[in-house]
Amino acid sequence: MGQTIIDTANHIAGYAARAARVKVVAAYPITPQTTIVEKIAEFVENREMDAEYIRVESEHSAMVACIGAAATGVRTFTATSAHGLALMHEALHWAAGSRLPIVMAVVNRAMGAPWSIWPDLSDSLSQRDTGWIQFYCADNQEVFDTIIQAYKLCEDERVFLPAMVCLEGFILSHTYTPAKIPDQEKIDAYLPAYKSGWTLDVDRPCSHANLVSPEWYMEFRYMIQEAMDNAKRLIPQIDKEYGKRFGSEYGGLVEKYKCEDADLIMVTMGTMGSDAKLAVDKLRKEGQKVGSARVRVYRPFPVEEIMKLAENTHILATIDRHISFGMEGFLASETKASLFNQKDRPLIAGFIAGLGGRDVTSETIEKVAKKSLKCMKEGKVEKETEWVDLRE
Amino acid sequence: MTAVPKKRKELPVTPLSFPTVGSMGKTGSWRTFRPEIDYSKCTRCTLCWVYCPDAAITREEDDSPKIDYDYCKGCGICANECPTKAITMKREEE
Amino acid sequence: MFNFQLEGEAVIKEVRIHGRGGQGSVTAAEVLAHAAFFEGKCVQAFPYFGAERRGAPVKAFARISDEPMFVHSQVYTPDYVIVLDPYIYKVVDVAEGLKKDGIIVINTKKKPEEIGLKGWRVATIDATGIALELNLLVAGLPVVNTSILGAFAKATGEVKLESVLKAVRETWSGGAGEKNSRATELAYERLTKWWDSEA
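Listed in order, the protein sequences are those of chains A, B and C.
In my numbering, each residue's number is its place in the first sequence (first place is 1) plus 7.
In my numbering, each residue's number is its place in the second sequence (first place is 1) plus 57.
In my numbering, each residue's number is its place in the third sequence (first place is 1) plus 3.
Fair warning: there could be bad hints in the mix.
Said to hold, decoys possible - Derived CB-CB ranges, DEER-like:
| hint | chain 1 | residue 1 | chain 2 | residue 2 | range |
| --- | --- | --- | --- | --- | --- |
| 1 | A | T206 | B | P62 | 18 to 28 Å |
| 2 | A | R252 | C | A59 | 38 to 48 Å |
| 3 | B | P76 | A | Q244 | 39 to 49 Å |
| 4 | B | P76 | A | F332 | 46 to 56 Å |
| 5 | A | E226 | B | S80 | 13 to 23 Å |
| 6 | C | G178 | A | L397 | 46 to 56 Å |
| 7 | C | Y90 | A | W122 | 27 to 37 Å |
| 8 | A | D190 | C | D69 | 21 to 31 Å |
| 9 | A | D236 | B | S74 | 25 to 35 Å |
| 10 | C | P71 | A | F332 | 29 to 39 Å |
| 11 | A | E97 | B | P76 | 25 to 35 Å |
| 12 | C | G25 | B | S74 | 56 to 66 Å |
What the hints assert, rightly or not - Calculated pairs, BS3-like style, for lysine-lysine (alpha carbon to alpha carbon, straight line, at most 30 Å):
| hint | chain 1 | residue 1 | chain 2 | residue 2 |
| --- | --- | --- | --- | --- |
| 13 | C | K16 | A | K289 |
| 14 | C | K44 | A | K247 |
| 15 | A | K251 | A | K193 |
By construction, these hints were calculated from the structure, which means they are not laboratory data.
Note that the structure is a prediction, hence the values are computed from the model and not measured.
Positions of the beta carbon are idealized from the N, C-alpha and C atoms, including for glycine.
Based on the provided sequences and hints, a complete structural model is requested.
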């Protein structure tokens with residue numbers, strides 16, 4: 008019946024890579040990700056994991072090495088954060104365009120300048136256009152489960168896209184909680200060997216991702232969009248099946264909590280979505296009908312789920328742990344975009360909170376909820392975006 | 058495999074290109090000047106074979122160079138590198 | 004997480020551990036969490052998220068709950084405070100946010116009355132002395148985190164001594180495990196004084 012361990016989300020991610028029988032890990036350390044790859048290095052060194060660990064000199068090389076490895080048809084894994092992720096930016100485009108199912112743990116950390124080691128979601132969200140699937144986890148168990156689910160999803164021939172499994176730095180990466188590690192046989196039964204869509208093979212040499220003229224480039228890009236649509240369809244199925252086999256599931260694309268009769272639904276990502284449940288319960292005791300929707304999968308964006316949630320509610324409050332300078336948080340923008348063409352749509356109030364590791368408690372979320380309920384009563388949202396707990 | 062797709066469904070997930078002989082046609086037809094080897098001056102040093110950017114010179118068993126005029130583009134690097142000036146570039150006859 | 008709906012309010016006990024970088028504050032939090040886990044509790048343990056270096060004041064935290072926890076934010080109002088270093092309470096407000104009937108367990112030779120933390124329930128244990136007595140040293144410095152957990156168990160009753168000993172033996176094997184668990188036991192036996200608050 009598996010084994011329960013108590014460990015940090017980072018180490019647990021290492022356990023997941025091992026359980027997934029990853030064959031190549033190419034990585035470069037960066038706070039707060041480092042202990043993921045240290046754990047994997049320990050497993051490889053102790054012969055508890057049959058994988059090749061490639062020590063590279065930068066994150067750019069890490070991703071490129073992963074592309075090379077994945078291209079030979081083996082399951083590949085890496086991890087990074089913030090500036091490391093930014094450094095591999097061009098390679099992220101390449102990996103997705105090459106349709107390689109690399110899974111990468113991104114331990115979310117704020118971008119400098121100013122220099123910060125603390126969590127917010129700017130790093131992975133800045134990469135939203137690259138064609139990578141993006142999952143956002145709310146606890147250590149979900150980190151393990153999502154890495155396994157990610158390989159199942161990405162290696163499906165209808166998908167063949169890489170995925171980021173995101174977890175907030177320190178809040179999850181360095182926090183020690185229990186997690187269930189299923190029996191290896193059960194994982195092997197769930198996750199069969201990887202069969203690639205194409206392979207670099209010395210016996211049948213080829214080059215890939217060659218120059219494509221305007222005549223055909225759009226079609227290749229359309230196929231990536233199709234793969235994202237397939238992923239959107241497959242993720243809830245994969246989550247449900249995983250839940251049946253292993254006991255935990257997360258609601259597929261969006262984890263909903265008490266949304267059915269809610270006047271206000273708070274839309275969040277990551278651990279905020281967990282603390283939001285506490286705010287929901289407190290407000291419900293005070294007679295307010297409030298719900299929480301945690302967007303677990305940001306790419307592909309769960310447009311249809313948002314539309315369904317919007318049907319029966321009066322106001323959505325999005326809380327972004329990030330800001331796109333010159334506009335607003337992405338969760339706010341994309342929620343609005345999903346609903347724009349609907350006839351009856353709720354009000355949407357956007358909030359920015361938790362940048363650079365500023366702690367977001369359930370009290371903070373309650374404050375956001377109360378402000379939003381006030382907007383609802385007044386029938387309008389005065390400020391498109393409000394920064395929460397900003398110092399004067 | 059030089060199949061040119063006509064429909065999107067025929068595309069591979071990412072462009073793939075497999076080696077084929079002369080996929081760009083016989084590039085020897087691009088030549089304006091053609092290299093000619095005087096084998097009495099050739100010392101079989103193999104430098105021309107090393108330097109040919111198109112791999113249009115093959116190295117025989119006795120190290121003699123053999124130019125493949127189907128693909129030689131006449132760039133003149135072999136003539137430039139030859140230490141005994143055994144290779145001369147001659148105007149191609151039309 | 005499971006699809007879990009909180010019906011009542013989960014009772015969560017929060018612990019803050021003060022120490023100096025290198026003293027094992029984070030390990031203390033982890034071992035404590037482990038001990039509570041053996042008693043069927045849901046647990047979290049985490050450091051104060053910041054750059055740490057040897058000798059600098061550091062904080063670590065633990066949460067112990069009967070039910071799965073959804074909270075991920077920092078600890079602001081601990082139920083218990085553990086102080087690993089005899090001089091930390093002079094430079095850090097170790098009672099900050101402590102709940103009214105909270106308990107502070109301090110590693111010191113002094114008696115609770117002599118500490119000067121008025122209005123708080125304070126328990127003291129000479130964990131440094133125990134470490135020196137057992138020759139429990141790492142890099143020349145006395146290991147105090149395991150003994151103070153024994154003192155914590157006695158002072159608060161939040162975890163049983165057996166659970167702490169089991170957690171200690173799972174963290175350190177062989178001779179180190181034995182020495183550390185002996186330290187835990189001695190601290191449990193010797194914690195006899197505490198001072199009830201006047202509040």
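Consistency of the hints with the structure:
1. A:T206 - B:P62: 18 to 28 Å: holds, 20 Å
2. A:R252 - C:A59: 38 to 48 Å: holds, 46 Å
3. B:P76 - A:Q244: 39 to 49 Å: holds, 40 Å
4. B:P76 - A:F332: 46 to 56 Å: holds, 47 Å
5. A:E226 - B:S80: 13 to 23 Å: Check passed, 21 Å falls within 13 to 23 Å.
6. C:G178 - A:L397: 46 to 56 Å: 54 Å Cβ-Cβ, so the 46 to 56 Å window holds.
7. C:Y90 - A:W122: 27 to 37 Å: The hint (27 to 37 Å, Cβ to Cβ) holds, given that Y90 of chain C and W122 of chain A are roughly 31 Å apart.
8. A:D190 - C:D69: 21 to 31 Å: For D190 of chain A and D69 of chain C the Cβ distance comes to about 28 Å; the hint holds.
9. A:D236 - B:S74: 25 to 35 Å: holds, 28 Å
10. C:P71 - A:F332: 29 to 39 Å: holds, 37 Å
11. A:E97 - B:P76: 25 to 35 Å: holds, 27 Å
12. C:G25 - B:S74: 56 to 66 Å: holds, 57 Å
13. C:K16 - A:K289: The hint holds at about 19 Å.
14. C:K44 - A:K247: OK: K44 of chain C and K247 of chain A at ~27 Å, within 30 Å.
15. A:K251 - A:K193: holds, 12 Å
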